[in-house]
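Enquirer: Note that the protein sequences, when read in sequence, are chains A and B.
If you read the first sequence in our numbering, its first letter stands for residue 1, the second for the next number, and so on.
If you read the second sequence in our numbering, its first letter stands for residue 1, the second for the next number, and so on.
Some hints could be false.
Derived coverage of chain B by chain A (criterion: at least 3 residues anywhere in the stretch with Cβ under 8 Å from a Cβ of chain A; other residues may be distant) [stated by the list, open to error]:
1) 89-101
2) 118-127
Going by beta-carbon spacing under 7 Å, a handful of chain B positions derived as facing chain A [to be verified]:
3) Ile57
4) Ala62
5) Leu66
6) Ile135
7) Ala154
Across the chosen pairs, the derived CB separations fall in these ranges [stated by the list, open to error]:
8) Thr95/B to Thr133/A: 23 to 31 Å
9) Gln16/A to Asp165/B: 53 to 61 Å
10) Ser276/A to Gly114/B: 52 to 60 Å
11) Val163/B to Val138/A: 37 to 45 Å
If you are wondering where the hints come from, they were derived from the structure by calculation, not from laboratory data.
Built from N, CA and C at the ideal position, the CB exists for glycine as well.
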Amino acid sequence: MLTRASVAMSSHDLVQSEIALNALQSVAVPPEPELASEIIALRGDLAFYRGDPAGAARAYRAADALAPSAGTAIRLARLEKSRGEFDSAQTWLLKGARRGSTITPEFIAGIGLQIGAIDLARGDYAAAQIRFTEVNDVFPGHWLIEAHLAQSKALAGDLDGAIALLRELATRTQSPDLADSLANMLRAAGREEESREWIERSAAIWDARMARLPEAAVGHALEHELAFGSPDRSVELAQQNLVIRPWGGAHLLMAQAYRKAGEFELAQTHIEKAKSVGIHSAALYAAESEILTVLGQLARAKSARARAKALNPRIFDPETAFIWFSHG
Amino acid sequence: MIRICLMLAAIVVPAWTPLAAHTSPNTEIRLEPSSDALVARITVPVSDYASATGNPIGDEPATLKLAAQEVAQRISISSPGGSEWSISVDSAAFTTATGPADLNATITARPAPGASTEAVSLRWDMFPANAPGHIAMVMMDEDEMAAEDAIQGALTSRSKTLVIDLGRAVSSIPAPSETPIEEAGAPATSSIPLLLAGLVIAALFALAVLAAAVRLRRRPSSTIQTSFSAED
């Protein structure tokens, strides 16, 4: 039953995850501390993705106090990152790396990737590149790690090298995320026709995944649509995404969809909602700054811009547009 | 079994999940006013230029000439009275610095003789097709000015004109000897009247609250309750 709850959570199906957790907690035998901790942590996940970060924080801390595990540490890291507390998030990830009996190269690589993602979030792209290289040494050959390496090449100024590596990866794996990232870089290089070919390939895969498992695919399909698709479809997918997981990140995506549609006042409404549920990220404040500038609220736009740069001094640099994986 | 589940739970927190769309570069129009002209340095992401115009991208003279013509046709600057400024394109080139490739163009606009140069109405009409959210940021190109202060506004395909007070924008740059007193840590003389006014308002408010409290205390509590009941 715990596996069912975890799998449902990983496919963004909060309802099924909650049903499984309720069933698990209805049994008469009290669970062992390890199991009880994981149940509480999954309850925290439900709170987090339902837009209740305070409830999530309480649950994660309770779970960590009951039976500290890599899972509780990773969750607390995610929470801290969403609040812009990057040092604390990395500390929790390092704690997670040292915990339990789940230490495999894949596990360490997963933690390392998230530590590098925090370096990206704070604008230290060179540190992130070093981290991703280390991660690739620990667990070579994984497409997501190599995708981060390709992205780092572009951030370091080697756009052609990044495109070559992404093309090889996208051809090998048929991953629509890779195809989207490649299309983004090709477009940035002015190779519009090649970019369009990859956009069409990834769009077909996202359509198929949306038909098969919409809860899991909608966030990624939305990202594709925001970058390459139509404003109307972006708003539609963002609304769907918000219904499935009404957390701060979904409100930010909703804001970006409304921005794409030119609905700047609605966009700002969702920026406010994202902020009200505890999201504190450079991407959020950068979006807010641009939206408020269009709305003519220059003083507030200036304040939002300063906040964005305080979290990531490079958020407005042109190369930041190359970040496809682990942005936010 | 529990261990397997816990491992799964640790891995279900993915390294990458969409938290926000990736950032998209905007068009930027940087204005540099002088006593007799206004220089605008324009940066348009190449994909947006291609989408907006349908033109090719490249270093060939004909391609660059076409880009320069597009810029000249799609920007206009006028004085508040409607007097159009002349526009000349000084340069146009497709470049890649550290980020995505851009069209970089520089224009010089000059007012008609006698026209006001205190403010201008800037119109920009180069937006990608079906992209009402694409933004052209307008800012002053001044080294001394922080980026936050330099931003004058934004244009979109639904709002293509922005009035810019050039006098205010230029005079808002403090010279080193003119650093505002507030920044040096001393109270601003201009804020003293506001402070006094605030104190007076606060005192009046406190008196009003006190008077209301006295009136309420004189009433029997049952009266208050009855009165609420009657109104309900």
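Enquirer: Can we keep the Ala154/B interface hint, with Cβ of chain A closer than 7 Å?
Expert: Check passed: Cβ of Ala154/B comes within 4 Å of chain A, closer than 7 Å.
Enquirer: That 23 to 31 Å hint for Thr95/B and Thr133/A (C-beta), does it hold up?
Expert: holds, 30 Å
Enquirer: Take the C-beta atom of Gln16/A and the C-beta atom of Asp165/B, compute their distance, and say whether it sits inside 53 to 61 Å.
Expert: Given a distance of about 58 Å, which is inside 53 to 61 Å, the answer is holds.
Enquirer: Between Val163/B and Val138/A, is the Cβ distance one that fits in 37 to 45 Å?
Expert: violated, 57 Å
Enquirer: Against chain A, is Leu66/B within 7 Å by beta-carbon distance?
Expert: Violated - the Cβ of Leu66/B stays beyond 7 Å from chain A, reaching only about 15 Å at its closest.
Enquirer: Examine the stretch 89-101 of chain B: at least three residues should have C-beta closer than 8 Å to a C-beta of chain A.
Expert: holds (count 7)
Enquirer: Checking hints one by one. Is Ile57/B an interface residue toward chain A, by the C-beta closer than 7 Å rule?
Expert: Check passed: Cβ of Ile57/B comes within 5 Å of chain A, closer than 7 Å.
Enquirer: Does the beta carbon distance between Ser276/A and Gly114/B stay inside 52 to 60 Å, or does it fall outside?
Expert: At 53 Å between Cβs, range holds.
Enquirer: Is the interface hint satisfied for Ile135/B? The criterion is a beta-carbon contact with chain A at less than 7 Å.
Expert: holds, 6 Å
Enquirer: Count residues of the stretch 118-127 of chain B with a Cβ under 8 Å from any Cβ of chain A, then say if the count reaches three.
Expert: violated (count 0)
Enquirer: Going by Cβ atoms only, is Ala62/B closer than 7 Å to chain A?
Expert: violated, 17 Å
In this structure, the earlier hints numbered 2, 4, 5 and 11 are contradicted, and the remaining ones agree with it.
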